[in-house]
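There are 2 protein chains.
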Amino acid sequence: MGNELLIGKTLNTNAQWIAKQATYLGIPVKRVTVVADDANEIADTIREALGRKPHFTITTGGLGPTFDDKTLEGIAKALNRKLAVNTEALNMIRKKYEAYAREEGIKEVKLTRARVKMATLPEKAKPIPNSVGTAPGVQVTSEQTILIALPGVPSEMKAIFNDAIAPLLKQASGKSVFYEKNVYVDGVMESTLAPLIDEVMRANPSIYVKSHPKGREDKSHLEINFSTTEDDDERAEEKLRKAVMCLSRLVGDIDGKFIVYG
Amino acid sequence: MGNELLIGKTLNTNAQWIAKQATYLGIPVKRVTVVADDANEIADTIREALGRKPHFTITTGGLGPTFDDKTLEGIAKALNRKLAVNTEALNMIRKKYEAYAREEGIKEVKLTRARVKMATLPEKAKPIPNSVGTAPGVQVTSEQTILIALPGVPSEMKAIFNDAIAPLLKQASGKSVFYEKNVYVDGVMESTLAPLIDEVMRANPSIYVKSHPKGREDKSHLEINFSTTEDDDERAEEKLRKAVMCLSRLVGDIDGKFIVYG
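First to last, the protein sequences are chains A and B. In terms of our numbering, the first sequence opens at residue 24 and continues consecutively. In terms of our numbering, the second sequence opens at residue 24 and continues consecutively.
Honestly, the hints are just simulated from the structure, not real lab data. Since this is a predicted model, take the numbers as computed values, not measurements. There could be a bad hint or two in this list.
[Claimed, not checked] Straight-line alpha carbon distances no greater than 20 Å define the calculated EDC-like cross-link-like pairs of lysine to aspartate or glutamate that follow: (1) A:242 / B:126; (2) A:76 / B:64; (3) B:149 / B:166; (4) A:204 / A:260; (5) A:32 / B:253; (6) A:133 / B:276; (7) A:265 / A:255; (8) B:53 / A:260; (9) B:133 / B:121; (10) B:53 / B:166; (11) B:53 / A:64; (12) B:105 / B:64; (13) B:76 / A:67.
Could you build the full structure based on these sequences and the hints that come with them?
This is the structure we're talking about:
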């Protein structure tokens, strides 16, 4: 979340990164929402997300020391919980500033209002250590959903995700893993390919097939993405191979066109 | 919208591009949502968006010929309107395929089901010409909202936006334009700068100031973004300059630190 995304200043690479990690860990992503740095907007969005009863809801951004870092305020509103200084989080933050001070040769560390703000969490939330930066991540449970707030700085977000969130997601998904395969078809219009893809999906019900036009409809270069979620490597490979062969055969029937393996 | 975004395969450059254009045209963007290629999910999202009573709602993707191009089905559901072949859209599409056929030396153009699908619009919608690709954009009004559906292929989306949508947005925003200025502060921690930014915003109520940490909290390189929406160039410049000077003065008070103009 954040205004820099809504004014088009920043590309939402965080959403893509998290979506990719979660998908490959076997947790499909259902929705991505970007809202302004406004506690009510954030609260509305969190409430809507929780209303869809997901296993996980992950936010990025808005955990820092500035006035417009409002994610925790938004989460507290959505959950109808109070915000309070969390001792564990405050200790994490104090240690960070003590370490920075030692590097700089400064003696006294002030826990200013802006710094204490990063340790002010919704009740019953727990802080998650941030090995790269200052603001801890935050984890809080609401009914069946684990709500996780990560910082917006990509290096911090990724560190916390890899250290603490990926294992949670993996545990929840069990043995399921996401598999995909890309192939390319040149010189066939997407509208000509469309009914063939329908046929492939009917014949291979566990495989999702999607065409991505990379050229123009008339000078067509299509990327075809085959994907499935499976708990067995070999079975996934075999299913994907079968679906690709099926499309290959159908495309071969259009005089002289062929499929290129990715 | 689209699964390729939810699996993290594709970066949402369309959302960034549209957000930037709309912002600079004086139309602030309130929310960006990514959902799956599923008619019910799309319908829910459109209903939620319309419920917030915006001036404009813009979708990208899902207008093509394949089974998973479900945006128009989703919009029809959300508006409780029937889908029907739109003659104007069908003519646009027929002409495209006739032109492709001439290039390829093919005599007969078949308007297959997959092709007619791109001309199957919600009732009372109007097609918007696509100068780059095949699927027309779609415009439909619902109460106070103008709902616009654009293709997902970036070159087609941009062409339709520039030709037909930018003028609509400009007309709605009147003379308002978005202005911004970036400056950089090195060696000041974001938590130290936070109360100074608060002070700048209190002294310059029409200016929004946001810090973007680019380094680590202790080796800090901060980008400070000043922005405002104004209908007069000179007044905007003057207001931004005043706010930057204000921060510069405050930062100067922290022994020997300084601000670098962007």
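Going down the list of hints, with the structure as the test:
no.	hint	result
1	A:242 / B:126	10 Å, holds
2	A:76 / B:64	15 Å, holds
3	B:149 / B:166	16 Å, holds
4	A:204 / A:260	9 Å, holds
5	A:32 / B:253	18 Å, holds
6	A:133 / B:276	18 Å, holds
7	A:265 / A:255	16 Å, holds
8	B:53 / A:260	43 Å, violated
9	B:133 / B:121	9 Å, holds
10	B:53 / B:166	19 Å, holds
11	B:53 / A:64	9 Å, holds
12	B:105 / B:64	18 Å, holds
13	B:76 / A:67	15 Å, holds
The structure is inconsistent with hint 8 alone, although it conforms to all the rest.
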